[in-house]
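Enquirer: Each chain, letter by letter, is given below.
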Amino acid sequence: MKIKKMVLNNKLIIFTVFAYLAVLIYNDKIFIKGIINTGIYLKEMLEIMPAIFIIAALINTWVPSEIIMENFGEKSGLKGKLFSLFIGSISAGPIYAAFPIAQSLLFKGASISNVIIIISAWAVVKIPMLLVEIKFLGVSFAAARYLFTIPSILLIGIIAEKFISKEEILLKADMNNEKEDIIKRLEKSLPGFNCGSCGYISCNSYAKAIVNEKENINKCVPGGEEVKKKLNLILIIMVNYLQ
Amino acid sequence: MSTILLIIVTLSALAFSFFKDRSKTLRSMKMAKGMFFKTGKDIIGVLFLIGLILAMLPESLIQTLFGNSNHFLSGLYGAIIGTITIIPAFIAFPLSKTLVESGANLVAVAAFITTLTMVGFATLPIEIEYFGKRFAFVRNVLSFLFALVIAGGMVIIL
Numbered sequence: 153m154k155i156k157k158m159v160l161n162n163k164l165i166i167f168t169v170f171a172y173l174a175v176l177i178y179n180d181k182i183f184i185k186g187i188i189n190t191g192i193y194l195k196e197m198l199e200i201m202p203a204i205f206i207i208a209a210l211i212n213t214w215v216p217s218e219i220i221m222e223n224f225g226e227k228s229g230l231k232g233k234l235f236s237l238f239i240g241s242i243s244a245g246p247i248y249a250a251f252p253i254a255q256s257l258l259f260k261g262a263s264i265s266n267v268i269i270i271i272s273a274w275a276v277v278k279i280p281m282l283l284v285e286i287k288f289l290g291v292s293f294a295a296a297r298y299l300f301t302i303p304s305i306l307l308i309g310i311i312a313e314k315f316i317s318k319e320e321i322l323l324k325a326d327m328n329n330e331k332e333d334i335i336k337r338l339e340k341s342l343p344g345f346n347c348g349s350c351g352y353i354s355c356n357s358y359a360k361a362i363v364n365e366k367e368n369i370n371k372c373v374p375g376g377e378e379v380k381k382k383l384n385l386i387l388i389i390m391v392n393y394l395q
Numbered sequence: 005m006s007t008i009l010l011i012i013v014t015l016s017a018l019a020f021s022f023f024k025d026r027s028k029t030l031r032s033m034k035m036a037k038g039m040f041f042k043t044g045k046d047i048i049g050v051l052f053l054i055g056l057i058l059a060m061l062p063e064s065l066i067q068t069l070f071g072n073s074n075h076f077l078s079g080l081y082g083a084i085i086g087t088i089t090i091i092p093a094f095i096a097f098p099l100s101k102t103l104v105e106s107g108a109n110l111v112a113v114a115a116f117i118t119t120l121t122m123v124g125f126a127t128l129p130i131e132i133e134y135f136g137k138r139f140a141f142v143r144n145v146l147s148f149l150f151a152l153v154i155a156g157g158m159v160i161i162l
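Line by line, the protein sequences give chains A and B.
Each position in the first sequence, counted from 1, maps to that position plus 152 in this note's numbering.
Each position in the second sequence, counted from 1, maps to that position plus 4 in this note's numbering.
Do not take every clue at face value.
[Claimed, not checked] For each label pair, taking beta carbons as the anchor points, the in silico distance ranges come out as:
1. A:Phe238 with B:Leu15: 18 to 24 Å
2. B:Leu128 with A:Lys340: 31 to 37 Å
3. B:Ser106 with A:Lys163: 34 to 40 Å
4. B:Ser27 with A:Leu283: 40 to 46 Å
5. A:Asn368 with B:Leu9: 34 to 40 Å
6. B:Ile8 with A:Phe315: 21 to 27 Å
7. A:Ala325 with B:Ile160: 25 to 31 Å
8. B:Leu9 with A:Phe315: 31 to 37 Å
If you are wondering where the hints come from, they were derived from the structure by calculation, not from laboratory data.
Idealized CB from N, CA, C, for every residue including glycine.
For reference, chain A alone in the conformation it holds in the complex (with noise of 0.2 Å):
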């Protein structure tokens, strides 16, 4: 049961061993082409993922909602669509940076369309980048593709509305964010030995199982009676004040 939930949380970092395992008896050359690659990208990554977590946070606790809905919202408009546009176009990094700088600003308020454009335009439309695009493959090339590219994100971001629902990603978020404060309260109120007998590796992981897979709450050994009440009282607190 452990197991499989550790290699299910983790199924992309094992998948990856493996592919790299078997490409290492089937060709040694490939796999060290794959590590040198590999080591490209993790510069890449180094570099910027700092940065960006840190501003998404900064968004998070400085940033008012209201001048965000006010910009980029549901109601701002042609004025919001450009403005995401240009701030897509201005970022550094690949498109995964853009991730958590787009999601705190959805949280914000920020509508699902000028999140999207956002995305699209910090991957594709790369004003840092237009020197080296129109060094190798010209002038043309490059003013024709921004010609295309520059509309076509703005349709991307109003057709991808219509199929997405903020309310579910921001609901489904705040679920998320309840759970992790249930889970801190039920570990808190363990022993803290991470002794083990309960079946689970530390106290955290046992409060985990607590609230994700409805674990039993009379398994801590330490904590004996009182401990099972202290859980008890929790979970009917918390989940009579979620409803």
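With chain A held as given, fit chain B onto it using these hints.
Expert: Below, chain B alone, put in the same frame as chain A:
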């Protein structure tokens, strides 16, 4: 250069935040640290996978597909190869130039660059983590279709 700019902007924002409100800044840093460890693991896994996929794709295969005499097909191949790989833009442009010089169709290269950057098969797990399955699916499918439109449009005017 844009990376340096990003870091400078971040550091100034951080300094400003620290100057104005220390506890808020501390909370932001904790949040950033949390995000880094939560998604960082997935991003690193994805990067290793792309590195491997790219190492396995022989350049000669790409050239044959991109040079297909049927323009629509070569555009489609370009879009598909761009979808399953992600290459940083500063490598993608020089690579595209090599491809064009060795006989690739412009439509293939245009579709390749667009899906390469905008459609992410490999980054899908990360996108789902942030926005859910529906969002990721709709955005990627639409971007793929529009990549073909962009490539087709470029061929007409170039």
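Enquirer: If any of the earlier hints don't hold here, list their numbers in rising order.
Expert: 5, 6, 7
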